[in-house]
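Protein chains in written order, with our numbering: chain A, 1331 to 1648; chain B, 477 to 582; chain C, 4 to 126.
Calculated from the structure, these hints are not laboratory results.
Hints should not be assumed to be uniformly reliable.
Claimed, not checked - In silico DSS-like links for lysine-lysine, alpha-carbon gap of 30 Å or less: (1) A:1424 with C:26; (2) C:105 with A:1582; (3) C:26 with A:1406; (4) C:26 with C:105; (5) C:112 with A:1424; (6) B:542 with B:517; (7) A:1406 with C:112; (8) C:105 with A:1406; (9) C:26 with C:112; (10) B:504 with B:517.
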Amino acid sequence: MLLFLLILWILSAVLVLLEQRPYRIVIYFGIFSLITSVAYLFLGSPDVAMAEAGISAFTTIFFLVCMERYYAARRKVGAQADSETRANTVPVRKRFVRILPALLFSAGLLGLFIWFIPTGEISTHLRDQYLALFISDVGGENAATAIYLGYRLYDTLFEALILVIAVVAVSHMSWFDGTAMTGSGRRRAEIGHSSMAVFTMRIICPIILLFGAYLFFTVHLTAGGGFQGGLAVASFFICRYLIYDIYDIPIKKVIKMEELVFIGITIVAVLAIFLGVVEFAQIPPVIYLNTMNVLIGMKVACSFFILFYRYIAIERAS
Amino acid sequence: MDILYILSYVLMGAGVAFMLFGVVGLFKYNRFFPRILVASKIDTVGVLTLIAGVALRHGFSFFTGKLLLIVIVMLVLNPLVAHILARSAYLSGFEMETSEEEEEQD
Amino acid sequence: MNWLELFPVALFFISFFGLLIGKTVIKSIVYILLMQTSVILFWLMLGARHGTAPPIVQDAAYLANLDTMADPLPQALMLTAIIIGVSVIAINITMLNALFRKYHTADWKTLDAMAREQEDNDS
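Here chain A stands alone, though its shape is the one from the complex:
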């Protein structure tokens, strides 16, 4: 089964690699991400599979917006000087000679990698120790959550910091004028006119929010967690934008809130793990896990809401 999935996986990747038309690259990339997510699930890591599924949905949307800009720009210039037209004029043999050094270089690197890869057994000492001790050390029933919230909390803090930096960088690098932030007189979203879509999404939206909350609060029991729940909550806000077609949430306040939540994550982490307050005050570890996950989820929801707002609402409207 895994072999079949991997063959499908590599085929879809080759589809992505060989395609020249940008819209189709994005669609094939969506297929590739779906197969990757199922492969992660078969490898026994439901957390990573859920994260990959959510991420691929968002990445595909971002790329689609990007493609829209690309075609708009090309229509403005008239696509004469592009590689797609130029490639047809170069003969095949000349093209092959041109890519030969790159082919040899990467094939050589692949050979080196396979030659030098260690062939012996991997030590399972660390895995056995984590699996045997995580219930008494950190708590909860999910070992992956226990590791990224207990043993390797530095990694999670670093990752949260990187996400904050990325969001701030995105919101400062892309174009915006003052009017786009407050939002007035923008174009309407496409589904806004369809009463059937609006009615259905009104019913579905609370279910999405409930699902996000479920992912937050059952992190100690099953797969899921702050990151995946944050994606679900962000998609709730996106659905809200799609239904009512309003831009009433001020972005600057959301950025400020994200920074505050990041400070909260740092404070909770320092108090709980590095100063040992959880053990000292006999707080049940479930409370610590749920607090951290709600904070991380809020931060991720804020980040993805800002990114979506940035790309869809403002970049398209301007």
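Use these hints to put chains B and C onto chain A, whose structure you have.
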């Protein structure tokens, strides 16, 4: 018990068959609107029959309740997705009878 | 070494090759995403060598067969890697949008020519 097992396998096979018909249809038609019609059949009929088979196979428990939730969400959302795709394609000027060169342009 | 692990390794170097010969900025970004995905899959396959059960211990019965569980450490690390990859992609797409606005193209050679032209004009 055996009858239920056989019935579940029949349902699962029917779901896979519906999906197969859908995929064949995707390659058969080369216009946008027939393709949307066929693709929405994969989403709704195929997946629903497959999930019904899985529920029968597993017996009635808490797991079946989760499957029921998935069925409800799919039943509501998948036709909606097809509707929005077709509607926005129609609104953005995608004619019903497009020539093949226009389709190839992305 | 399990030979199935050659799939992600091969994809990593294929997309590295694509990154070397890629013609447009969009394809370069997609290649970076493919490389990242193959690295994550490679780590998870390393972790799943001894068993592919999810590392969730729900009751005492699960404790008996800890040996069939996947390694939880790569999973936690790869969650971090996925989020960092998304941050990188978000910044990349923003820069790509800026590029479209300024130069109206995504072709590497055209962009190089335009940048050289601009440098000549500045000096």
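A quick look at each hint next to the structure:
no., hint, in the structure
1, A:1424 with C:26, "holds, 16 Å"
2, C:105 with A:1582, "holds, 26 Å"
3, C:26 with A:1406, "holds, 21 Å"
4, C:26 with C:105, "holds, 19 Å"
5, C:112 with A:1424, "holds, 17 Å"
6, B:542 with B:517, "holds, 23 Å"
7, A:1406 with C:112, "holds, 19 Å"
8, C:105 with A:1406, "holds, 12 Å"
9, C:26 with C:112, "holds, 8 Å"
10, B:504 with B:517, "holds, 15 Å"
The structure is consistent with each of the numbered hints, conforming to all of them.
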